[in-house]
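Chemist: Chain by chain, the residues run as shown.
Protein chains: 2
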Amino acid sequence: MSKAKAPQMCDPDAPVVILVNPQLGENIGTAARAMANFGLSEMRLVDPRDGWPNERARKAASGADFILDGVEVFDRLEDAIADLHHVYATTARPRGMTKTVITPEQAGRDMRARAGRGQRLGILFGRERWGLTNDEVSLADVIITAPVNPRFASINIAQAVLLVAYEWYRHEHGETLGMETDEAPALAPGLKMPDSRPATKAELIGMFEHLESDLDAAGYFKSPDMRPTIIRNLRNMFERAELSEQEVRTFRGIIRTLSGIRHDRRRRDGGDG
Amino acid sequence: MSKAKAPQMCDPDAPVVILVNPQLGENIGTAARAMANFGLSEMRLVDPRDGWPNERARKAASGADFILDGVEVFDRLEDAIADLHHVYATTARPRGMTKTVITPEQAGRDMRARAGRGQRLGILFGRERWGLTNDEVSLADVIITAPVNPRFASINIAQAVLLVAYEWYRHEHGETLGMETDEAPALAPGLKMPDSRPATKAELIGMFEHLESDLDAAGYFKSPDMRPTIIRNLRNMFERAELSEQEVRTFRGIIRTLSGIRHDRRRRDGGDG
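Those sequence lines, one after another, are chains Z and B.
If you're matching positions, the first sequence starts at 12 in the numbering used here and goes up one per residue.
If you're matching positions, the second sequence starts at 12 in the numbering used here and goes up one per residue.
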């Protein structure tokens, strides 16, 4: 790990993840990994059942050690959130509390807006078996509840961390697939990145005519009436594939091999092939 | 568990989750739980390392046993996707392949749109250590890549399942915790819908194997080393075209005509042709 990389791993504005009374080291480690996936780096633990550090957490973190190394442990939730400006509590269902309930997506936007104004943010995640107590939730400003299947609403704690972290990251980096570093040019979603340059229409039509002429020679078009329709459908099919120039050449090679017909556009006696 | 609850657990339109060569039972179980959280129910395994059933998967599923009970196991990915119309491959980063790359969010919308048109959908997740092979990705129509921290891009497999399942569920159950939205599902940008029913993967793979076998017979592959790459490129090219069932039949007719080789899948002496 080079030192130069570390600063880019972390975003000092990113919310702090606070796990309240977590039971399993595995979940702490998996949560750390999920945080690293989405640019969060600061984790705090309130009264972890098995103490700290925890070897199982480290195993499960799959390399997100820089997060575990920075973990701070507190006895009381009040102390763990003391320096924060705005705190979100995650719950499986809205509680009967007079508190705003938002989705992870809304939380993602809200966190970005607040971080942009210099607020320090924290997100609370409860213990595996029964989440946060009402007293703990009451220390938060807002509740985050994910839209889940009401018949199976219990989300694993590390999965809950992932969802909120994903929404935090997505609202900054959302549409660019995280490629906006200088490693590679940004790939706009939905766009294809062909290996070689796209075929020109002339190349494509050359390929169509090659195929159609060989099909004529092989007696493919039993009914002359249907020939125009079939050809149109074939051409549509290939247009849809948005072939590259290389693919057109490959495909012409295939037609030539299968039909055994050579179309020598230019005779060559010399040996450059 | 009352019987009345079961039907609401499952959504028959929901995409099938296909784990390719998964190594750890824990991840299979956690993936099942994530599926249950977001209304997915059908899981398929291709060549699970530790066989099936798997006791560690059951422990990690935290009650999502109805998903594990229904798991189907396959030796080959081709068989696991045979009955599906549209398949998404999840990768940590865009590969150097000419295939559309979309975000989980776009995938959520796209899956809703396609499921609404009666298409059967599948999502591929690769093995823990190194994901999907290029050959496996080439069997998919589209790549899903989540926007992640480029410095820490490796997502746990169950976490990846969670993200895509979350986006599937969110685009039906909305921004508002279960309140329906008016927003019509939209196809991901750059994706097109063919006129007649899309080919199943079995039909498409049948066409690939037909073409490849005739190319073998005709001596197309001069260099055996290049054969796998050429085949992968060809498959990618055809996957991109999102062929309809009719187009697959047309194309097989073309191969048959050009090569002059008949593949009688079922010998017939009677005269219905």
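Rather than coming from a laboratory, the hints here were simulated on the basis of the structure.
Small disclaimer: the values here were computed from a predicted structure and weren't measured.
Keep in mind that a hint or two might mislead.
No copy labels: a pair is met if it fits in one copy or bridges any two.
[Unchecked claim] When the alpha-carbon atoms are kept at most 35 Å apart in a straight line, the in silico DSBU-like pairs for lysine-lysine are as follows:
1) 212 - 233
2) 70 - 233
3) 70 - 212
4) 110 - 212
Chemist: Next step is simple, just say for each hint if it's right about the structure.
Modeler: We went through each hint and held it up to the structure:
1. 212 - 233: both (28 Å within a copy, 29 Å between copies)
2. 70 - 233: Answer is neither: 52 Å inside a copy and 48 Å across each miss the 35 Å cutoff.
3. 70 - 212: This pair counts as within: shortest intra-copy Cα distance 33 Å, inter-copy 39 Å.
4. 110 - 212: both (16 Å within a copy, 20 Å between copies)
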